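These protein sequences, in sequence, are chains X and D.
Just so you know, we're using UniProt numbering here: the first sequence kicks off at 1 and counts up by one.
Just so you know, we're using UniProt numbering here: the second sequence kicks off at 1 and counts up by one.
Bear in mind the hints are in silico, worked out from the structure with no lab data behind them.
Just so it is clear, the structure is predicted and the values come from calculations on it, not from any experiment.
Treat the hints with care, as some may be off.
As the list claims (entries may be wrong) - Computed list of lysine-lysine pairs in BS3-like fashion (alpha-carbon distance at most 27 Å, straight line):
hint: 1; chain 1: D; residue 1: 309; chain 2: D; residue 2: 363
hint: 2; chain 1: D; residue 1: 466; chain 2: D; residue 2: 265
hint: 3; chain 1: X; residue 1: 75; chain 2: X; residue 2: 10
hint: 4; chain 1: D; residue 1: 466; chain 2: D; residue 2: 309
hint: 5; chain 1: D; residue 1: 242; chain 2: D; residue 2: 466
hint: 6; chain 1: D; residue 1: 363; chain 2: X; residue 2: 10
hint: 7; chain 1: X; residue 1: 75; chain 2: X; residue 2: 92
hint: 8; chain 1: D; residue 1: 242; chain 2: X; residue 2: 75
hint: 9; chain 1: X; residue 1: 9; chain 2: D; residue 2: 363
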Amino acid sequence: MSIDLQTVKKIASLSRISVTDAEAEAMVPELNNILGWVEQLGEVDVTGVEPMTAVIPNHQRLRQDVVTDGNVRDKVLANAPQAEHGFFAVPKVIE
Amino acid sequence: MSNLTDLTVAEIRDGFRAGDFSAREVAEGFNANVAAAKALNAFIVETPDKALEAADAADKAKAAGETLGALAGVPIGMKDLFCTQGTQTTAASHMLEGFVPTYESTVSGKLWAAGAGMLGKLNLDQFAMGSSNETSYYGNVISPWRRNDGGNAALAPGGSSGGSSSAIAARLCPAATGTDTGGSIRQPAAFTGISGIKPTYGRCSRWGIVAFASSLDQAGPMARTVRDNAILLETMAGFDPKDSTSLDLAVPQWEAGLSSDLRGKTVGIPNEYRPDGLNEEISAMWDRGIAWLKDAGAKVVDVSLPHTKYALPAYYIIAPAEASSNLARYDGVRYGQRDLPDGAGLQDMYAATRAAGFGPEVKRRIMIGTYVLSAGFYDAYYTQAQKVRALIARDFDLAFEQCDLLLTPTAPSASFALGEKQADPLAMYLNDVFTVPASLAGLPAMAVPGGLDSQGLPIGLQIIGKALDEQTVLNAGLAIEERAGFTARADKWW
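One chain only, chain X, in its complex shape (with noise of 0.2 Å):
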């Protein structure tokens, strides 16, 4: 399957990375050369083979119910471009 210039620009508004329409024109046959060329894939033949969810075998811990970290908020504000308040800053998101 080949994608097209809308559905370009469908994947770069769901990647929220907005787009020119030349950027947009000129990532059509880049993105086709890659995608024909990862379609190879379809010709394995995967009957009866589960899909990998884990390359070495590790099951997963549980750890202790209890608070590890925490009270650092301006730690975790200080790289923020807009913090007021105590608060990370956004634009106006409600009329």
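Dock chain D against chain X, hints included.
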């Protein structure tokens, strides 16, 4: 006394302890080399004061007769993918320009606790996505190596750990950290004539390392000798409750266990790694490597890894899929850049921030990942890739019923000129054809230099081991190192 910056990690460690030189002398020597090598662009941030601080602490501890850490007196380079408290960490992106972590990654923290000092943060491909170090927002890293044709074409140091490989080859640091998702330690090591090991997935904690593809990312050391890799890996590895995929196992004493006597070991040679049209010099180097391992006492058998050709396409579904999810965190709200066009709402801010903050290769991979995970395509791409990945891992399991380790080339060619492959993403991806399969299976794999090709450029060999058997990988690396006698180094032009 010979030049301190020509010493290996082991020589620095031992010479410092013996009182042959002070840690400060070593740090000053490397600081000077770093400062004089701007032309290589190997560092994004230089931290000479950090190196001196650690050196002074080591000298003081020694004078006071205190117990010294395993890496006391040894300065190293830190790939700029590891969060370092108080020192900018960018993943070579514009997105994280100015990001100063308030915490330390587990692996870097272990290295500092062992007495190592930081010379600086090393350049890399942006978010570790690339094989030539041409995707960094902070400019290309240049390899210290040049072709012997009298020209001065700037060559790729490999990627993504290209700052690490270039700096070690140019004697700007005796060792450095790397990370390897599909070959990012091994391919740059091969391109620059040094060694590097990607341990078994889960050996080194991923906590505090900027994430690319979490089921593949693994930290490891890079240095000029196999012994140095063993020394660093012992410090870097170990269980970390903060990484749920960290393996709760004791760290072996790899350095003490080093032995180049391979009697009783069987080496598998996978035919699928010798495709039609394989570069003749790479092929000849492989044959020499086989002879070296036989000379070390190993038995050699042919093995088959039938799904090898599907490893790269599976990787280029799985890695972008995981990247698209991991990199969703860069939203212009919590850290990093924010681009807020006039009158923009929240959604517009996300899209503008990510358009400005990510480079073209990062955007490409996020978009491919988003596409293969999107409704209607998930099974055809992602689930199929994870099934093929299971088959690739099974190929290795079956091969390891007949042998203890595998020997292959590391990369399909020696280093290439910057710009040569940049126009075609697919041609660039093919660089990782020999390194990706072991990544998909989570196996330990190491690159060691074998010699120079007819252009005068290093080419390397790759050893792949069974899960958790880093010792056999290191030992085979040592056997090759002793026989290859690789002492070539790039003539200084920078």
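Would the pair residue 75/X and residue 92/X pass a check requiring their Cα atoms to be no farther apart than 27 Å? Cα-Cα ~24 Å, so holds.
Holds or violated: residue 466/D and residue 309/D, Cα atoms, limit 27 Å. Satisfied, since the Cα-Cα distance of roughly 20 Å is no more than 27 Å.
Decide if the proposed pair is consistent with the structure: residue 242/D and residue 466/D, CA atoms, cutoff 27 Å inclusive. holds, 26 Å
So if I understand the rule, the pair passes when the alpha-carbon distance is 27 Å or less; does residue 9/X with residue 363/D pass? Holds, at roughly 13 Å.
For the pair supplied as a hint, residue 242/D and residue 75/X, confirm whether the alpha-carbon distance does not exceed 27 Å. holds, 18 Å
For a C-alpha distance cap of 27 Å, please report whether residue 309/D and residue 363/D respect it. Between residue 309/D and residue 363/D the Cα gap is close to 26 Å, so the pair holds against 27 Å.
For the pair supplied as a hint, residue 363/D and residue 10/X, confirm whether the alpha-carbon distance does not exceed 27 Å. holds, 14 Å
Is residue 75/X within 27 Å of residue 10/X, Cα to Cα? violated, 37 Å
Given hint residue 265/D paired with residue 466/D - CA-CA distance at most 27 Å: Measuring from Cα to Cα gives roughly 12 Å; hence the hint holds.
Checked against the numbered hints listed earlier, the structure breaks hint 3 alone; every other hint is satisfied.
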